[in-house]
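Please construct the entire structure, taking both the sequences and the accompanying hints into account.
Number of protein chains: 4
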Amino acid sequence: MSHALIVGAGAGLSASLARLFARNNLRVTLAARDTAKLAALCKETGATAIATDATRPDAVAALFAAIEAPDIVVYNASARARGAFTALAPDAVAQAIAISAFGGFLVAQQALQRMVPKGEGAILFTGASASVKGYAQSAPFAMGKFALRGLAQSLAREFSPQGIHIAHFVIDGGIASATRQVPADKPDSLLDPDDIAATYWHVINQPRSAWTWEVELRPWVERF
Amino acid sequence: MSHALIVGAGAGLSASLARLFARNNLRVTLAARDTAKLAALCKETGATAIATDATRPDAVAALFAAIEAPDIVVYNASARARGAFTALAPDAVAQAIAISAFGGFLVAQQALQRMVPKGEGAILFTGASASVKGYAQSAPFAMGKFALRGLAQSLAREFSPQGIHIAHFVIDGGIASATRQVPADKPDSLLDPDDIAATYWHVINQPRSAWTWEVELRPWVERF
Amino acid sequence: MSHALIVGAGAGLSASLARLFARNNLRVTLAARDTAKLAALCKETGATAIATDATRPDAVAALFAAIEAPDIVVYNASARARGAFTALAPDAVAQAIAISAFGGFLVAQQALQRMVPKGEGAILFTGASASVKGYAQSAPFAMGKFALRGLAQSLAREFSPQGIHIAHFVIDGGIASATRQVPADKPDSLLDPDDIAATYWHVINQPRSAWTWEVELRPWVERF
Amino acid sequence: MSHALIVGAGAGLSASLARLFARNNLRVTLAARDTAKLAALCKETGATAIATDATRPDAVAALFAAIEAPDIVVYNASARARGAFTALAPDAVAQAIAISAFGGFLVAQQALQRMVPKGEGAILFTGASASVKGYAQSAPFAMGKFALRGLAQSLAREFSPQGIHIAHFVIDGGIASATRQVPADKPDSLLDPDDIAATYWHVINQPRSAWTWEVELRPWVERF
Chain A
1 MSHALIVGAG AGLSASLARL FARNNLRVTL AARDTAKLAA LCKETGATAI
51 ATDATRPDAV AALFAAIEAP DIVVYNASAR ARGAFTALAP DAVAQAIAIS
101 AFGGFLVAQQ ALQRMVPKGE GAILFTGASA SVKGYAQSAP FAMGKFALRG
151 LAQSLAREFS PQGIHIAHFV IDGGIASATR QVPADKPDSL LDPDDIAATY
201 WHVINQPRSA WTWEVELRPW VERF
Chain B
1 MSHALIVGAG AGLSASLARL FARNNLRVTL AARDTAKLAA LCKETGATAI
51 ATDATRPDAV AALFAAIEAP DIVVYNASAR ARGAFTALAP DAVAQAIAIS
101 AFGGFLVAQQ ALQRMVPKGE GAILFTGASA SVKGYAQSAP FAMGKFALRG
151 LAQSLAREFS PQGIHIAHFV IDGGIASATR QVPADKPDSL LDPDDIAATY
201 WHVINQPRSA WTWEVELRPW VERF
Chain C
1 MSHALIVGAG AGLSASLARL FARNNLRVTL AARDTAKLAA LCKETGATAI
51 ATDATRPDAV AALFAAIEAP DIVVYNASAR ARGAFTALAP DAVAQAIAIS
101 AFGGFLVAQQ ALQRMVPKGE GAILFTGASA SVKGYAQSAP FAMGKFALRG
151 LAQSLAREFS PQGIHIAHFV IDGGIASATR QVPADKPDSL LDPDDIAATY
201 WHVINQPRSA WTWEVELRPW VERF
Chain D
1 MSHALIVGAG AGLSASLARL FARNNLRVTL AARDTAKLAA LCKETGATAI
51 ATDATRPDAV AALFAAIEAP DIVVYNASAR ARGAFTALAP DAVAQAIAIS
101 AFGGFLVAQQ ALQRMVPKGE GAILFTGASA SVKGYAQSAP FAMGKFALRG
151 LAQSLAREFS PQGIHIAHFV IDGGIASATR QVPADKPDSL LDPDDIAATY
201 WHVINQPRSA WTWEVELRPW VERF
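Protein chains in written order, with my numbering: chain A, 1 to 224; chain B, 1 to 224; chain C, 1 to 224; chain D, 1 to 224.
Don't read these hints as lab results, they were simulated from the structure. Careful, some of the hints might be misleading.
The list treats identical chains as interchangeable, and a pair is accepted whether it falls inside one copy or across any two copies.
[Stated by the list, open to error] Simulated pairs of lysine-lysine, DSBU-like, Cα-Cα distance not exceeding 30 Å: (1) 133 / 186; (2) 118 / 133; (3) 118 / 186.
Below is the structure:
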């Protein structure tokens, strides 16, 4: 493993993954709509940021054409459309599904075109509690996250026997960040993105005799 | 109940539903891309066919504007994109997801805008084994069907307490039709669309003290 | 169909099923630990009550030896062990699992010994939300109900292709009864046992081209 | 962490866990029905073997009374009852459920009585594909494994917020052993117990901000 691509890169889990990958001597490419916010992270980790709209086939193809074939791909992008169901703007819903799920398809397809001939590689999809439970007032997010899980499960069945490790993570809980700090009276009640990243790294390094397809992660105090 | 709308109407389950609804004195509207094929069914059942592209917000809005508000809505449309995963045309995948899932959103939204003020109505979504299991060589279908199930589950949590019955059917097996006949040596090994329709009708008529959200249907000899 | 056996018969769902079966001209046998409480129901429906401890192999064998082979069997028995997990009496837990699940095995085995040679019959298992979700403070109930669901799923895979209809019902919510009445300000917020029974009857009468293995039932306002 | 207890200890996964725990400077207690077979493993790892019938409340209580309170408990015991369903001996089925599930309850209860006051500890349950799918010809195994999963899920909801890490592993595939060797032409097609143990160890060491409740493990070529 020498090169990791993170799509949907932001300040949270993606930053933790970038740091962890860099510490383990991987080159890191960060793809995001807005790369300006990634400057500090790139400086810190040596990562390269590439502006990409993951919902556009030509943009995703251009991303992969511009970089060395990655050994590890993480798809972190997701989006919601907020508001009362009966008042949701259809375009916003379509866009949310495109970001949460269709972009995952585009990225996986490009990745697999390069991994399958080599017979190795890992593609990791970041899910949520909404991946397995459709909550009220959250239909567009459930649609995108359910669809991404269907993609990941189908790919696991198809490509694991070809040597490509496909994994799906059900992140059930809020992720701590600079703007969402853990309450002092409820320690560890939000997921620490470094702790999530550690489990991603464990899964990436599993020998193929015992691969994980799906793993749940939640804070100890999270209700489920 | 006086008016049923079936979206994604064709020769199979939708025809059985149309006949069953008509026998129970409901007016029936059939919405499909291609209405030419529905002429005989309309004549037989008294149904009205309206050409509709269920993936287009304006078309779905126009459909609902053109008809009396339905009491029952069935979403039957679905699509696959076939071929090796690494060679799938992204546009075909996007279109498959749009037909299987986004159209379901559009139709449900229009229906709920009309049903919620009345505090009654039923919306039924037709799923498949791919709704709960992502098969190899079938990622786009899994994406669409998982997404539709996420939509249906989210809507059930949100709108059941508002009096709208939301149900999702996992149809696990092939459906018998004029072009796919049941093998003589394997009786009842394909789902008879009239038998599926009978369970839809039962669910539609359930009193609200005991509503079904999800039900599985498969032929007795189907492996699962 | 001429004879239905209900095991774990009490005042709620079992009584509704007995009345419905009797109205449809089936003979009904009610098996329960305590048959004294069933006298009025027997008089009303013409059913026969037989005292049976469903957790004892010899008692269940004796029950089936004493009656004509049933065409329909419903397993309704279940039990909880209440209290703080760390203080639960192991014997009470063992007994709860035996009633909820092992008795289901014993009854299904006797029933299948008689149904398989005929190639027809139906066995219905009554589950709960605890069948698919292990709640806190409820481990023994979850163990019994999960186990019963595992039994029902295994039997569906094995015996459906032999003509025996196996179905599992996820009853999610409280059931209304003489001692648990529906609040006047929350109409239909408890399951009406007659409404549950109607869906059991629908499933029993499904043609084998479209059999249900699992169906969920909950009141319209129930959170899930 | 200083002391690990493995219940249902044998030559496979339990031996790998014992070696891994010992390498990480934990004292190890092995509980099994038959301890004679554990002599070599005890000598190699410094573990202590204690003969225990995990299905008997008094025996499990005696086991815990005889040892220092463990920080880590792994429940590995399981059993099947083989043969045609209609011919299964009820006692053998009861015993299979007792070993696969009731023993897990007894062990978890004793462990939690000691862990809850300290507010820390980990209890890991070993499941199988039969934990989530009831296969034909395998009803007793499904009953036990479903029940164990119900127990694990209920305990996770109840005791995670009290600082006890509860995890359930879905081991989907055969485990390689001295008597079941990996075919030379199908490398890594059986789970290497050392690889399984590595994921158990990762889960045990997860910080509480990101705990796993359930994780799947299967060989890369396993169909699912």
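To see whether the hints hold, each was checked on the structure:
| no. | hint | result |
| --- | --- | --- |
| 1 | 133 / 186 | both (25 Å within a copy, 26 Å between copies) |
| 2 | 118 / 133 | between (36 Å within a copy, 28 Å between copies) |
| 3 | 118 / 186 | between (47 Å within a copy, 18 Å between copies) |
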